[in-house]
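Student: Sequence:
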Amino acid sequence: MLTDAQLTDVRRFMGYPLAGTTMPITNDQDIVYGRFGMVVMSLHQRLTTLSASEEAVMVNTYLTSLYTLEVAVPATGDNLDTQQAAVWKHNPNEMRDRLALFDEWRRRLCAFVGFAPGPMLGPGGSTISLGRA
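Residue numbers (this note's numbering): 82 to 214.
A hint or two may mislead.
Claimed, not checked - Label pairs and their in silico Cβ distance ranges:
| id | residue 1 | residue 2 | range |
| --- | --- | --- | --- |
| 1 | Met104 | Met82 | 19 to 25 angstroms |
| 2 | Met82 | Gly195 | 16 to 22 angstroms |
| 3 | Phe193 | Ala100 | 19 to 25 angstroms |
| 4 | Ile112 | Arg189 | 18 to 24 angstroms |
| 5 | Met119 | Pro173 | 48 to 54 angstroms |
Since the hints were derived computationally from the structure, they do not count as laboratory data.
No residue lacks a Cβ here, since even glycine has one placed at the ideal position from N, Cα and C.
Whenever a hint applies, use it, and build me the whole structure from the sequences.
Tutor: Next comes the structure, spelled out in C-alpha coordinates:
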(Lines of atoms letter the chains of each structure in order from A and count residues from 1; the text may use other names and numbers.)
(Lines give C-alpha, C1' and ligand atoms only; values in the text may rest on other atoms or scores of the structure.)
Protein backbone atom coordinates (compact mmCIF):
# COMPACT_ATOMS: atom_id res chain seq x y z
CA MET A 1 0.00 0.00 0.00
CA LEU A 2 1.25 3.50 -0.83
CA THR A 3 2.33 5.61 2.14
CA ASP A 4 0.47 8.82 3.02
CA ALA A 5 3.38 10.82 1.59
CA GLN A 6 3.25 8.84 -1.67
CA LEU A 7 -0.54 9.32 -1.91
CA THR A 8 -0.02 13.07 -1.48
CA ASP A 9 2.73 13.10 -4.10
CA VAL A 10 0.64 11.16 -6.63
CA ARG A 11 -2.22 13.67 -6.23
CA ARG A 12 0.23 16.57 -6.49
CA PHE A 13 1.98 15.17 -9.55
CA MET A 14 -1.42 14.55 -11.17
CA GLY A 15 -2.18 18.26 -10.76
CA TYR A 16 -4.78 18.13 -8.01
CA PRO A 17 -4.70 20.63 -5.14
CA LEU A 18 -4.18 19.58 -1.57
CA ALA A 19 -7.19 18.89 0.63
CA GLY A 20 -5.76 19.81 4.02
CA THR A 21 -7.29 18.54 7.25
CA THR A 22 -10.69 20.23 7.02
CA MET A 23 -12.02 17.50 4.74
CA PRO A 24 -10.51 14.08 5.36
CA ILE A 25 -10.01 12.21 2.10
CA THR A 26 -11.59 8.76 2.15
CA ASN A 27 -12.90 6.28 -0.40
CA ASP A 28 -16.33 7.92 -0.20
CA GLN A 29 -15.27 11.54 0.34
CA ASP A 30 -12.80 13.10 -2.07
CA ILE A 31 -12.48 16.15 -4.29
CA VAL A 32 -11.49 14.07 -7.33
CA TYR A 33 -13.62 11.38 -8.97
CA GLY A 34 -13.20 9.39 -12.15
CA ARG A 35 -15.50 7.24 -14.27
CA PHE A 36 -14.52 3.76 -15.35
CA GLY A 37 -17.34 2.52 -17.56
CA MET A 38 -20.36 2.40 -15.25
CA VAL A 39 -18.28 2.78 -12.08
CA VAL A 40 -17.53 6.14 -10.45
CA MET A 41 -14.56 6.01 -8.09
CA SER A 42 -12.67 8.52 -5.96
CA LEU A 43 -9.00 9.03 -6.66
CA HIS A 44 -8.30 7.93 -3.08
CA GLN A 45 -10.14 4.65 -3.64
CA ARG A 46 -8.29 4.09 -6.90
CA LEU A 47 -4.90 4.66 -5.28
CA THR A 48 -5.60 2.58 -2.18
CA THR A 49 -6.82 -0.46 -4.12
CA LEU A 50 -3.87 -0.98 -6.46
CA SER A 51 -2.65 -4.50 -7.02
CA ALA A 52 0.90 -5.31 -5.91
CA SER A 53 2.18 -5.13 -9.49
CA GLU A 54 0.38 -1.81 -10.15
CA GLU A 55 1.85 -0.37 -6.96
CA ALA A 56 5.33 -1.52 -8.01
CA VAL A 57 4.95 0.28 -11.34
CA MET A 58 3.58 3.36 -9.55
CA VAL A 59 6.55 3.55 -7.18
CA ASN A 60 9.41 2.21 -9.32
CA THR A 61 8.50 3.74 -12.66
CA TYR A 62 6.45 6.86 -11.99
CA LEU A 63 7.24 8.21 -8.52
CA THR A 64 10.97 7.51 -8.75
CA SER A 65 11.20 9.22 -12.16
CA LEU A 66 9.02 12.15 -11.12
CA TYR A 67 11.05 12.84 -7.97
CA THR A 68 14.22 12.96 -10.09
CA LEU A 69 12.66 15.17 -12.77
CA GLU A 70 11.13 17.52 -10.20
CA VAL A 71 14.41 18.30 -8.42
CA ALA A 72 16.19 18.77 -11.76
CA VAL A 73 14.07 21.83 -12.60
CA PRO A 74 15.32 24.16 -9.82
CA ALA A 75 18.86 22.92 -10.43
CA THR A 76 18.79 24.68 -13.82
CA GLY A 77 19.35 27.90 -11.89
CA ASP A 78 22.86 26.75 -11.01
CA ASN A 79 24.15 27.67 -14.47
CA LEU A 80 22.25 30.87 -15.19
CA ASP A 81 25.35 32.99 -14.68
CA THR A 82 27.49 30.98 -17.12
CA GLN A 83 26.93 31.07 -20.86
CA GLN A 84 29.94 28.96 -21.79
CA ALA A 85 32.82 27.23 -19.99
CA ALA A 86 35.47 25.44 -22.06
CA VAL A 87 33.56 23.13 -24.42
CA TRP A 88 30.35 23.27 -22.35
CA LYS A 89 27.63 25.62 -23.65
CA HIS A 90 24.56 26.64 -21.68
CA ASN A 91 21.26 25.44 -23.13
CA PRO A 92 19.03 28.54 -23.01
CA ASN A 93 15.96 26.29 -23.17
CA GLU A 94 17.05 23.91 -20.41
CA MET A 95 14.42 24.94 -17.87
CA ARG A 96 11.62 24.85 -20.46
CA ASP A 97 12.80 21.46 -21.72
CA ARG A 98 13.01 20.01 -18.21
CA LEU A 99 9.55 21.35 -17.29
CA ALA A 100 8.10 19.86 -20.48
CA LEU A 101 9.66 16.47 -19.70
CA PHE A 102 8.44 16.65 -16.08
CA ASP A 103 4.89 17.53 -17.18
CA GLU A 104 4.92 14.77 -19.82
CA TRP A 105 5.72 12.21 -17.12
CA ARG A 106 3.00 13.71 -14.91
CA ARG A 107 0.50 13.19 -17.75
CA ARG A 108 1.72 9.61 -18.21
CA LEU A 109 1.05 9.04 -14.50
CA CYS A 110 -2.50 10.36 -14.97
CA ALA A 111 -3.03 7.98 -17.88
CA PHE A 112 -1.67 5.06 -15.86
CA VAL A 113 -4.05 5.83 -12.98
CA GLY A 114 -6.92 6.43 -15.40
CA PHE A 115 -7.80 9.98 -14.31
CA ALA A 116 -7.67 13.22 -16.27
CA PRO A 117 -4.91 15.67 -15.35
CA GLY A 118 -5.92 18.07 -12.59
CA PRO A 119 -6.27 21.85 -12.83
CA MET A 120 -2.66 22.43 -11.76
CA LEU A 121 -1.44 20.35 -14.73
CA GLY A 122 -4.08 21.08 -17.34
CA PRO A 123 -4.70 19.32 -20.63
CA GLY A 124 -1.26 20.01 -22.10
CA GLY A 125 -0.35 21.44 -25.44
CA SER A 126 -0.60 25.10 -26.29
CA THR A 127 -3.37 27.39 -25.16
CA ILE A 128 -4.30 30.50 -27.09
CA SER A 129 -6.46 33.15 -25.47
CA LEU A 130 -8.27 35.58 -27.72
CA GLY A 131 -9.61 38.84 -26.40
CA ARG A 132 -10.89 42.13 -27.66
CA ALA A 133 -8.83 45.27 -27.34
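Student: Is the gap between the beta carbons of Phe193 and Ala100 within 19 to 25 angstroms?
Tutor: Once the Cβ atoms are compared, 22 angstroms apart, the range 19 to 25 angstroms for Ala100 and Phe193 holds.
Student: Could you tell me whether the CB distance from Met104 to Met82 stays inside 19 to 25 angstroms?
Tutor: Given range 19 to 25 angstroms: holds, Cβ gap about 22 angstroms.
Student: Take the C-beta atom of Ile112 and the C-beta atom of Arg189, compute their distance, and say whether it sits inside 18 to 24 angstroms.
Tutor: Taking Cβ atoms as reference, Ile112 and Arg189 lie about 22 angstroms apart, which means the hint holds.
Student: Can you let me know if the beta-carbon spacing of Met82 and Gly195 is within 16 to 22 angstroms?
Tutor: holds, 18 angstroms
Student: Does the Cβ-Cβ separation between Met119 and Pro173 fall within 48 to 54 angstroms?
Tutor: holds, 50 angstroms
Going through the hint list in order, the structure satisfies each hint without exception.
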